[in-house]
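Chains B and L, in that order, give the protein sequences.
Oh and the first sequence: position 55 is 55 in this note's numbering, straight run, nothing missing.
Oh and the second sequence: position 230 is 230 in this note's numbering, straight run, nothing missing.
Derived by calculation from the structure, the hints in this document are not laboratory data.
Be aware that a few hints might be false.
Residues of chain B placed beyond 12 Å of chain L at every Cβ, according to the derived structure [said to hold, decoys possible]: (1) Asn-4; (2) Val-5; (3) Asn-21.
DSS-like mimics (lysine-lysine), calculated; alpha carbons at most 27 Å apart, straight line [stated by the list, open to error]: (4) L/Lys-173 x B/Lys-37; (5) L/Lys-202 x B/Lys-58; (6) B/Lys-97 x B/Lys-58; (7) L/Lys-202 x L/Lys-186; (8) L/Lys-202 x L/Lys-173; (9) B/Lys-97 x B/Lys-37.
The model shown is predicted, which means the values in this text are computed figures rather than measured ones.
Cβ coordinates follow ideal geometry from the N, Cα and C atoms, glycine included.
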Amino acid sequence: MAGNVVTLTTANFDETIRSANTPVLVDFWAEWCGPCKQIDPVIREIAVEKAGALTIAKLNVDDEGDVAMRFSVMSIPTMILFKNGSEVQRFVGARGKQALLNDLSPFLG
Amino acid sequence: MTTHPHRKVIIIGSGPAGLTAAVYTARASLAPLVIEGEPSSTSDQPGGQLMLTTEVENFPGFPEGVQGPELMQRMRDQAARFGAEYLTEKATNIDFSSTPKRVWVRDDEYTADAVIVSTGARSLMLNLPDETRLIGHGVSTCATCDGFFFRGREIVVVGGGDSAIEEASFLTKFATKVTIIHRRDKFRASKIMQERAFANPKIVVRWNSQVTRLIGDATLSAVEVTDTVTGAVETLNVGGLFVAIGHRPNTDLFAGVLDMDDTGYLVTQPGSSRTNIAGVFACGDVQDHTYRQAITAAGSGCMAAIDAERWLETAHAGK
Chain B
1 MAGNVVTLTT
11 ANFDETIRSA
21 NTPVLVDFWA
31 EWCGPCKQID
41 PVIREIAVEK
51 AGALTIAKLN
61 VDDEGDVAMR
71 FSVMSIPTMI
81 LFKNGSEVQR
91 FVGARGKQAL
101 LNDLSPFLG
Chain L
1 MTTHPHRKVI
11 IIGSGPAGLT
21 AAVYTARASL
31 APLVIEGEPS
41 STSDQPGGQL
51 MLTTEVENFP
61 GFPEGVQGPE
71 LMQRMRDQAA
81 RFGAEYLTEK
91 ATNIDFSSTP
101 KRVWVRDDEY
111 TADAVIVSTG
121 ARSLMLNLPD
131 ETRLIGHGVS
141 TCATCDGFFF
151 RGREIVVVGG
161 GDSAIEEASF
171 LTKFATKVTI
181 IHRRDKFRAS
191 KIMQERAFAN
201 PKIVVRWNSQ
211 VTRLIGDATL
221 SAVEVTDTVT
231 GAVETLNVGG
241 LFVAIGHRPN
251 TDLFAGVLDM
261 DDTGYLVTQP
271 GSSRTNIAGV
281 FACGDVQDHT
291 YRQAITAAGS
301 GCMAAIDAER
311 WLETAHAGK
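Using the sequences and the hints given, assemble the complete structure.
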């Protein structure tokens, strides 16, 4: 399933984050957020290019507000990188593809 | 280093000015390349400042109003229909000193006969200590993105123009109380916006006031407000701070090359979009500190496209 983008819900969140065999980048987004829409194609490209090294997942804060609250997300887009089930880095605000790849590179083995 | 096929026209920036220039130049079969910028959560992004707004009520042709991002998507699609191409990157360097004109995106070089500059303006921040650290943790540059997270909280909006009032009104959908902090004793905002704010029971205005300190460890918990007349200092417990204190033109890329006024806006020759360099045209907020509306930006984008088209016909006849 190379390049797949996982849709997270309250029900599958913990299991997905814990059982992934790569770091997982979770994109917290919503339909009404312009910058969120702009980074969607960016992270989908990264999902394809980094398939096998990084899992990309999306969480809709409208539908799954309790997960957003649990991670104190107060601004979207926020992207949180999880490794072995724990948060290792958080990126607040949209950014371009190269900038995001640069931000991610220290965490990808 | 990659060099890309030569173009007749490159447009830098993709707000209403850049995309209108793209519609016109594309319809004139000039196959423009639009270097539209890269995603960000400030107004400096593809689609420009309207990407951070909600309802646009004053763009002609939309009697029911239109969402800012939707309007920009429509303009983008309209230009694409006639052959405009897009590069979702930020121009990083330029050289307009020789022919053809050159624009770089990092190591990639693009050349064109004519360049239309429509890089717009970006939001100013307060430049207070801890402001950057608290962005996304109570300090926001995008009310439409973040208002949702302030349900049931008290927040402050700093500014006195249309965008400050619009943000404050929008934020009352979520917040219990919105305090507008403005350093003067009256608003710059249009009358209709002001009336809306004054009629809204959730909005309180503090005149002659400035935010002088941000307080909060993990997230913002309070702001210190100083009265500019009496000097009195007060702490307001708030969960959120939204900044809308005005804009600065995005002209760093053109420093020393294109003529600017002392606030950094590009200078165009009166009644035209021509800059001091032949074949380089400017439109939209990057050259307009007076009107700054989507419709005036679009109008000036049309001017730039027509100016560029005419310049290409005469200066480049036979090439």
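These are the hints, each one checked on the structure:
1. Asn-4: Check passes; 22 Å lies beyond 12 Å.
2. Val-5: holds (17 Å)
3. Asn-21: holds (29 Å)
4. L/Lys-173 x B/Lys-37: Measuring from Cα to Cα gives roughly 22 Å; hence the hint holds.
5. L/Lys-202 x B/Lys-58: Violated, at about 34 Å.
6. B/Lys-97 x B/Lys-58: holds (17 Å)
7. L/Lys-202 x L/Lys-186: holds (19 Å)
8. L/Lys-202 x L/Lys-173: holds (9 Å)
9. B/Lys-97 x B/Lys-37: Status holds; Cα separation ~14 Å.
In summary, the one numbered hint that this structure violates is 5.
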